[in-house]
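Work from the hints to combine the two standalone chains into their complex.
Read top to bottom, the protein sequences are chains A and B.
Going left to right, the first sequence walks through residues 1 to 220 as our numbering numbers them.
Going left to right, the second sequence walks through residues 1 to 100 as our numbering numbers them.
Please keep in mind that the hints were generated in silico from the structure rather than gathered at the bench.
Please note that a few of the clues may not be correct.
As the list claims (entries may be wrong) - The list that follows gives simulated cross-link-like pairs (lysine-lysine, DSSO-like), each with its CA atoms no further than 27 angstroms apart: (1) B:Lys-33 to A:Lys-40; (2) B:Lys-33 to B:Lys-9; (3) B:Lys-9 to A:Lys-40.
Here's the letter readout for the chains.
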Amino acid sequence: MNAPLSRAIMAVAVCCLDESRREWSAAMRVEFETVAVEGKPLPFAIGCLAAAWREMLTREQGRFTLTNYALALGLMIPMAALQIGCALFGFPYLYPGQDGLRGALLEGAAHEILIRGVYQAAVPSLALLLLLLGLGHLRIAWAMLERDWARVKRMGTLMLAAAATLIIFMGVLFLDSSQALLQVAVLTIELATVPMVARWHAQLFPAAVTEHPGYADPLP
Amino acid sequence: MVRKRQPSKQMRILLDALSAEREQWRHGYDLMKETGLSSGTLYPLLMRMTDQGLVEAEWREPAQPGRPARHAYRLTAAGFALALERPGGGEHLPATASLA
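Extracted from the complex, chain B is given alone in its bound form (with noise of 0.2 angstroms):
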């Protein structure tokens, strides 16, 4: 089911970060960095967000040998719709990034 209404402003700017870099897999802490979210208003977006079919997550396994899968997010084909439907969002997208 994919959200009608308008992104709120916090989820315009996850929408940004996820946007930025559609077919990298971001973790919850690296997406707080970069958004200035906190974890109170990051994650129940990104559960809103992938009940919605706006976000995909899976458990990645850590670049670094020992450390435990992370959970890790990117945009959906619709979640990526969503990102350049919004006034001015696919402006300043990088050139590669596509619905794939």
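Just chain A, same shape as in the assembly (with noise of 0.2 angstroms):
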């Protein structure tokens, strides 16, 4: 049980020391085979992550990589998977009362078999477009990651779109869009981290930029 685990928090380790110290890594790696035949590879390798980590708080490069993750899995995933739990479970916190669905058509309201048809209508369309939403914060999260800023721009201006859309559909069938400009309003301050990480990017690694010219560029 140990080896494989020291080999998995060895290669946490590994992966979270940047390009400019691969060497470094490199290093902590081959001695690690060492202390895998010698030793106790275990704490070795958890120092290794510890010293990885230390170097990530102590370099700006480690700072981006950090921030960088931290968008993706502090914000990004748990949009995505907020959406997706709406398009799946019936929206349950994205009508007013939290009622869902249910709450939205007024079941039992003498009106409700005059929008029932309708709602039922437009669920479909909605669930949609709420799933794509949060398979786009899936897909920005990605690019986000892969430091393909080009793709991030292409996704956010899509996920602008389709939240702009469902707002509409929202207001014109529902009368109350609040739940939905709460969620516009966090995918736009999500979208406007992105230029600023991503020239924080362009700033730390240029070489990058020459490479991918949509990196300089990132968002409208």
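Written out as structure tokens, the structure reads:
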């Protein structure tokens, strides 16, 4: 159990060190093989992971990597989960009163019979839009980790269009799109942070901008 | 760029270990065993000392054939000077150690 665990920890440690420390990550990995034969690999691997994290915090490239991961894992993925969850589980958080579609239909009310048909026709499109927004968030998170800002830009534009459509849709159908507006506000904040991260990346790694011109101009 | 601040306790331990055999290339694991420093302390120290020009690092072929090359470390002249500078720094150094 120890050996695979220590190898996994070592692999994470190696990944955490940035490009400028590649030689050191290779040095740790080679030394790990010696330790695995002669000593206790787990404490060595944990120490290397601690060293890599300490390096990340003390160097700007490391802080950039941490920020990028924090945005992707702490913001994009939870938003994706929320939107995909809304689409798959009947919009529990999206409508007033948090009663989901049942609440939106005003079940049992006198006019339920009048609006049921319209809502039932609209729900698949709404669910699809939300699902697209959720999947878009996942794709953006992935592209951010790959530092593919051109793709982030394309996805961001598509998601803004989808979010605007969703608001219009909900405004027309349900007369209350406060929850959707909230989601769009979060999306706007998210997409506003991406150009900042992309510019930071361009400052730290100018060579990447030369190779991929889309990096320099991440969002419209 | 040579470090101006007083070395930390851990750095002193490492300076001692490296200056005891000034010309000898040392591996990370050997240094860990000798100094008692963990990998989480040793490697950041080595990185920092290399950045500051106190330690030089090099990939060295291993003694046993078939094993991969290992990263090895030794003090530079500046690093050795720092080892001598500290209070009582050179007292226990071998007579053969020099600033070469």
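Hints, one by one, checked against the model:
1. B:Lys-33 to A:Lys-40: OK: B:Lys-33 and A:Lys-40 at ~12 angstroms, within 27 angstroms.
2. B:Lys-33 to B:Lys-9: Holds: B:Lys-33 and B:Lys-9 sit about 17 angstroms apart, inside 27 angstroms.
3. B:Lys-9 to A:Lys-40: Holds: B:Lys-9 and A:Lys-40 sit about 25 angstroms apart, inside 27 angstroms.
Hint compliance for this structure: every hint is met.
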